[in-house]
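Since chain A is already given, all that's left is putting chain B on it; use the hints.
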Amino acid sequence: MKILYPFVAVLGLIVIATIGSRAGMEPLFGIVFPYLAILIFLGGFINKVVGWAKSPVPFRIPTTCGQANSLPWIEQACFDNPSTSFGVTVRMFLEVFLFRSLFRNTQADVYDGPKLRYGSSKYLWLFGLLFHYSFLVIVLRHIRLFADPIPFFVKILEFFDGFLQIGLPHLYQSDLVIVGAILLLLLRRMLLTNVRYISLPADYFPLFLILAIALSGMTMRYLTRADVVNIKQLAVGLATFKPVIVGDLGAVFYVHLFLVCALLVYFPFSKLMHLGGVFMSPTRNLANNSRMVRHINPWNDPNLKPHSYASYEDEFRTFMVEAGIPVDKELPAETPAAE
Amino acid sequence: MYDKGKVLTGLAIFVAIVTFPVWYDLVHAQHVPKLEKPTLSKKCVADIAYMRTSHMVLLDNWRNEVVREEKRKMIDVEGKPYAKSLQMGCMKCHPDQKKFCDECHTYADVDPFCWDCHFQPQKETK
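Line by line, the protein sequences give chains A and B.
Sequence positions in the first sequence follow our numbering and run 1 to 339.
Sequence positions in the second sequence follow our numbering and run 340 to 465.
These are computed hints drawn from the structure, not numbers from a lab.
Hints may contain errors.
Quick list of in silico lysine-lysine cross-link-like pairs, DSS-like style, CA-CA up to 27 Å [as the list claims (entries may be wrong)]:
#1 B/K437 x A/K155
#2 B/K345 x A/K155
#3 B/K345 x A/K48
Covered, in the sense of this in silico footprint (three residues per stretch, anywhere, with C-beta under 8 Å from a C-beta of chain B), are these stretches of chain A [what the hints assert, rightly or not]:
#4 42-52
#5 114-128
For each residue, glycine too, the CB sits at the ideal point set by N, CA and C.
One chain only, chain A, in its complex shape (with noise of 0.2 Å):
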């Protein structure tokens, strides 16, 4: 079940805009849909990250994945467990680029005895990374039909992506790296038994949409060969807010372009907001130097000072002294010596 809804939802999808397209309604699935799903996406992010700037992070809360700084004669492990702004910017680097935190992943199994063992799981690192970097390259190379002239890095990305010229028109390798990645991505979610049972809708649903529009936009490209020159009218015309639909640009054309709608209005009300995310979690990108800076809770009340053990015992030395507790400092002697 938690596997087949999103696999009809996505179904669905197809279904309405294959039905929509032909059924006339190109102006709401060309145009309206697009600027809607924009929009939402854009507001819906935005609206997000600022709530997560409201809630207030009191304490310094990194996840400490090494040595944190001590002393001098203990070597620190500056990046997993960083201290200064530097070493946090170096561990988001890493965090953003490379999915350091996945790379560290384990995995927990038992085998005979019984014994529990703990080994090194690189799976999802390798198989995000895989999908990541070649849905970037993806969405980088679209800016051919968004942008004209067309920008000098987007010709550079077509080269190196096509470079090994396979059929005509060129076969892109981030097409095949980012379906066989989904689908790795997947089998790992059905396949692993603990993963399978963590796994929610909401886990296949991205995978099921994200897969769905690599194979659309691959049949535009290799298979059914959509009429490039007017798709690229109609994306300009959306960014320079002129659009027009220049013949029938297809089903396929109109179903790619519903799902990505989907996926633009699904992203920020769903785990794919982790593109935020991650720049905003406080278990990355604080330092921890809690022993260096005094971290004032921000809730607290400015009226409330301080109360340091020294002025406490000030205040109430006497009925300590009375009650038999130890004190740091003696009351002053009974009779004060003469002056």
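Quick look at chain B alone, frame taken from chain A:
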């Protein structure tokens, strides 16, 4: 809101990246491709819709047939023989690479490898 400066800067960068096509198209002039219409013949080897989307497949198949399988026989287009060739076929009607091929290829950022080997027919004066 905490760390207002940093968060708002980050969001501004994000919005700028997402809306890249909007401001990029705003500062550049757009150019919708206009193809030079052939004068020699009214009929192409295939219908326009097919040629618009799939001419590269046709050319690729011709290349394979002619170069690799030695199938050089002319094909028949409305009773006229037609060479399976870019330079001796297509470019008879569409002689100008710049005004025909490149119009769409530049627009859609397609970099065909035809011109690694072929060149467009030169005018007599050259």
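Task: Violations among the numbered hints - done: Those not satisfied are hints 2 and 5.
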